[in-house]
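Chains as they are written, first to last, in this note's numbering: chain A, -2 to 263; chain B, 108 to 405; chain C, 5 to 360.
Where hints are given, some of them may not hold.
[Unchecked claim] Here are some, though not all, of the chain B residues that point toward chain A, as calculated from beta-carbon distances under 7 Å: (1) Pro207; (2) Thr233; (3) Leu237; (4) Trp242.
[As the list claims (entries may be wrong)] Here are the simulated lysine to aspartate or glutamate pairs, DMTMM-like style, with alpha carbons at most 25 Å apart: (5) B/Lys218 / C/Asp138; (6) A/Lys160 / C/Asp75; (7) C/Lys289 / C/Glu308; (8) A/Lys225 / B/Asp354; (9) A/Lys179 / C/Glu117; (10) A/Lys179 / C/Asp112; (11) A/Lys160 / C/Asp21; (12) C/Lys188 / C/Asp208; (13) A/Lys225 / B/Asp364; (14) C/Lys238 / C/Glu268; (15) A/Lys31 / B/Glu348; (16) C/Lys80 / A/Glu164; (17) B/Lys297 / C/Glu139; (18) A/Lys31 / B/Glu264.
[Unchecked claim] Sample of chain C residues with no beta-carbon within 10 Å of chain A, all distances over it, derived: (19) Lys60; (20) Glu181; (21) Gly241; (22) Lys250; (23) Glu266; (24) Lys343.
Just so you know, the hints here were simulated from the structure itself, not pulled from any lab data. Where a beta carbon is used, it is the ideal one built from N, C-alpha and C, also for glycine.
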Amino acid sequence: MNKSFLKYTLLGIGFSFLYFPIFALIIYSFNESKRVMVWKGFSLKWYGELFKNEQILESFYISLKIASMSATFATILGVMAGYSLARISKIPFRPFFIFISTAPLVMPEIILGLSLLLFFISSNNLFGLPSSKGQLTVLISHMTFSVAFVAVIIQARLFGFNKSIEEAAQDLGAVPNSVIWKVTLPVILPSIISGWLLAFTLSLDDLVVASFTTGPGANTLPIVVFSKVRLGLSPEVNALSAVIMLVIVSIAVGYYIKIRNKSDVN
Amino acid sequence: MLSKLKNYKFWFVFTPYFWLVAFFFIPLAIILKISFSVSEWGMPPYKDILEINNSGDFILNITSGNYAFIFSDFFYLKSYLNSLSLAFTSTLICLIIGYPIAFYVAKSKPKIRNLLLILLIIPFWTSFLLRVYAWKVLLQGNGILNLMLIKLGFISEPLSLLYNHYAVILGVVYTYLPFMILPLYGYLVKFDLRLIDAANDLGSRKINTFFKVILPLSLPGIIAGCMLVFIPVVGEFVIPELLGGSDKLYFGKIIWDEFFVNRDWPVASALAMSGILFLIVPIVIFQMSYSKYNFKNE
Amino acid sequence: MKDSFLYIENVSKSFDDVKALDNVSLAINKSELFSLLGSSGCGKSTLLRIIAGFEKPDSGKIFLDGEDITDLPAYKRPLNIMFQSYALFPHLNVSNNIAFGLKEDRLDKKEIENRTSEIINLLELNGLEKRKIDEISGGQQQRVALARCLVKKPKLLLLDEPLAALDKKLRIQTQFELVNLQYKLGITFIIVTHDQEEAMSLSDRMAIMQEGSILQIGNPVEVYEKPNNEYIAKFIGTANIINIQKHQTKNNFFLSSELGIEIESSENKLSSKCLIRPEKINITKSTMDKKINQENSCKGIVKEVAYLGSYTKYLIQSKSYQFYVFQTNNFISENLNIKWDDVVDCSWNKEAIFLL
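In isolation and in its complexed conformation, chain A is listed as follows (with noise of 0.2 Å):
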């Protein structure tokens, strides 16, 4: 009793704290004053100021496709080099390649973001490419970090499964291709999936990285976001977050529920 007292008492006070300031944005992204802190009542109008505001909407959409595209091509990458990682022997510079797929993981993003950004500038000193900062630099800086969570995530998986299944399908009579679109992919194919989601999330959620690499035309909504609130409150960023809180608790309710269906059926 004792026991199981102090156990709920941690886990209550740990997940409050967890979705206490959560919930109260969201109780805040109701109220009708203009100064975020001032209770005048319930109201909806900064949901309608929110879907107004062409800034937070393009960069909305904007990030939305670097996201998506990020999180396609780092997740390619990403497959490619996990599978590297843990089924291929022999890579010239074997260290060198663990070390770079992994140092990303663990790079403090500002070093990361003006490495890049030096880059880009080198490059188009040199080549003329990148011609110019912008939609293309930055999704070319996001899918570099994302590599290396996806590929992580890969190389765990792939760790973890049995090599016997695709020795087996060898001796089946499938050649190495073969093996690996009819067997190690489908497989691994829900660590691919949680890897793109991944990639996709840490592409919308980055702001250090993109405020180096950005340039015109490719203001993306973290960087919207934080010039709203750097110097103050902004009561449509309280509804935005609203928002992303309530679509993705009805993902993951809808995953909640799926998984919960497939455990009583076993």
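Assemble chains B and C onto chain A, guided by the hints.
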């Protein structure tokens, strides 16, 4: 060596290899190069390392002056120490809060466990920036925390909770907590809870069981979690910018200002390089424990 | 030897300086059920993986049906392997698992269907076709793994610990099914196992391996009755090994200092050790008047009794030597009332003595 790689293997290895060399490694090399360059007015605001002057001679413009500058000026060193102490303090707090949560979630029955896990992951998927912003809202002078404290009669005047390094620590702990909990959970969920019973059965006291059995077995998770919090926090820019005040300057902010405000690229690069240099030890620890873990799984 | 169905010629393999196989040669006949038996790390799995084509031997050659397959990749070899873990494809259902190999061979649809349903009938997997792998039992998984190999009509089927993952009752039943299936299809089977009983009951012939070498090849009777050395004698079944010295004057006679008696053998050979299997020793409760004073018999004290239903195990001490005796409980003998610390008379025929 190359010819031995079969067709698909060649592409699998070399596409990401090439990408990471081009867009991760070479950019770092460029920072290294610029950190040794001489700064000047112009665009780009530094001299090329190798120049050919009018008479056709090569001139080598290399200087260690940028490093000498940042190491001699206590301002930079102090900001770096501030960042380290911020990272250390918040990692420790994350560990203290995160460990029991991860432990109890891992010990729950599978059905509750899935629910709790999703509850842990939701904030992680929510925008990082907005979660920091939430604290900015809460900690305002007329924010909800002050209102509650006044209502409860603890204080009569609102406290200035925002724009100091405590607010920064709070923001860091809040946003990085999932990075601590998830790897810890990953280790704790895997280990056999019967070990605890076995240890208790062998007469070990609860505290003893924890320190002699559970803690050592979850050590790789602790290392991974701590590194995932510690390393990025050293370079953290957004949280100090939104919640911090002028009482303490942090490393990330200094690089940002040096680059965007002072436009001194060589010094910004030298700062970034020295940051990497200081972070090499924790990064190596991270990579070693990480590859050891994978090797074990193999 | 090269005209054998499968011929392994002087194969060696090392992993990081550890010798896994040391100059192994082996000939296996067509339609034979052959076992590779040994404790873990003896090299049997490495040998199997070399035959399957997952490992390349450092030296030596492999011939299958007269063809050198040493350099053939796994997917081109006309043989199949059933993995210990079964290695079924988790993303495919039962019938797609079975049809996988046929589809890889690009057979036409009709034939794939026919052969798949044929093998599903043969292995009694009807009704499970659409199930996912994690939705069927361990025994069913084992049969799917088997079906997936057999549907390809391989010249040779390799089975890596095929029964290890099954519980004991299912294991014995499956053993018989496996033998029947092999007999029915006439496919050559090579089974890797660490379980000597399994090898004995399944195989036509078996090879016993230790530290990367083959110690003996023979049928179960030969291996049990005439082991090449003490290791095999002890590895297969229970063995009483007695240290002996050749008798100076009498042919076929040996002296055992441990037992203090003379031992007569049916062979005449210089030898320092002999084997006597526990079931070949007779014991009776000692009667005072009957004095045993002849070769191949001794008195002993019962140290342990273990009643196992069909037979009883006794541990007997005679002088400084301890040995096992197994007696069938067939009610012809009166052994059932032999107890701890009883004195017993032990005797055996000279044919029971095998000189090592």
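Exercise for review: Grab the minimum beta-carbon distance between C/Lys60 and chain A and tell me whether it stays above 10 Å.
Suggested key: Correct as stated: the minimum Cβ-Cβ distance to chain A is 14 Å, above 10 Å.
Review point. Holds or violated: is there a CB of chain A closer than 7 Å to the CB of B/Leu237?
Key: Holds - the Cβ of B/Leu237 comes within 7 Å of chain A, reaching about 5 Å at its closest.
Check your understanding: Holds or violated: C/Lys80 with A/Glu164, Cα cutoff 25 Å?
Key -> 13 Å, holds
Practice item. Could you grab the alpha-carbon distance between B/Lys297 and C/Glu139 and see if it respects the 25 Å cut-off? Key: 23 Å, holds
Review point. When the nearest CB of chain A is found for B/Trp242, is that gap smaller than 7 Å?
Key: Cβ of B/Trp242 sits 6 Å from chain A, so the hint holds.
Point to revise | Beyond 10 Å from every chain A Cβ - status for C/Glu266 | key: 56 Å, holds
Review point. Does the structure keep C/Lys188 and C/Asp208 at a Cα separation of 25 Å or less?
Key: This hinted pair holds, its Cα atoms lying about 15 Å apart.
Point to revise | Hint validity - B/Thr233 Cβ closer than 7 Å to any chain A Cβ | key: Status holds, d = 6 Å.
Check your understanding: Hey, A/Lys179 versus C/Glu117, does the alpha-carbon distance stay inside 25 Å?
Key -> This hinted pair holds, its Cα atoms lying about 19 Å apart.
Point to revise | Hint consistency between A/Lys179 and C/Asp112 [alpha-carbon to alpha-carbon, up to 25 Å] | key: 19 Å, holds
Point to revise | Holds or violated: B/Lys218 to C/Asp138, with C-alpha atoms at most 25 Å apart | key: At roughly 20 Å apart (the allowed maximum being 25 Å), C/Asp138 and B/Lys218 satisfy the hint.
Exercise for review: Starting from C/Lys238, check that the Cα of C/Glu268 is at most 25 Å away, please.
Suggested key: 22 Å, holds
Checked against the numbered hints listed earlier, the structure breaks none of them; every hint is satisfied.
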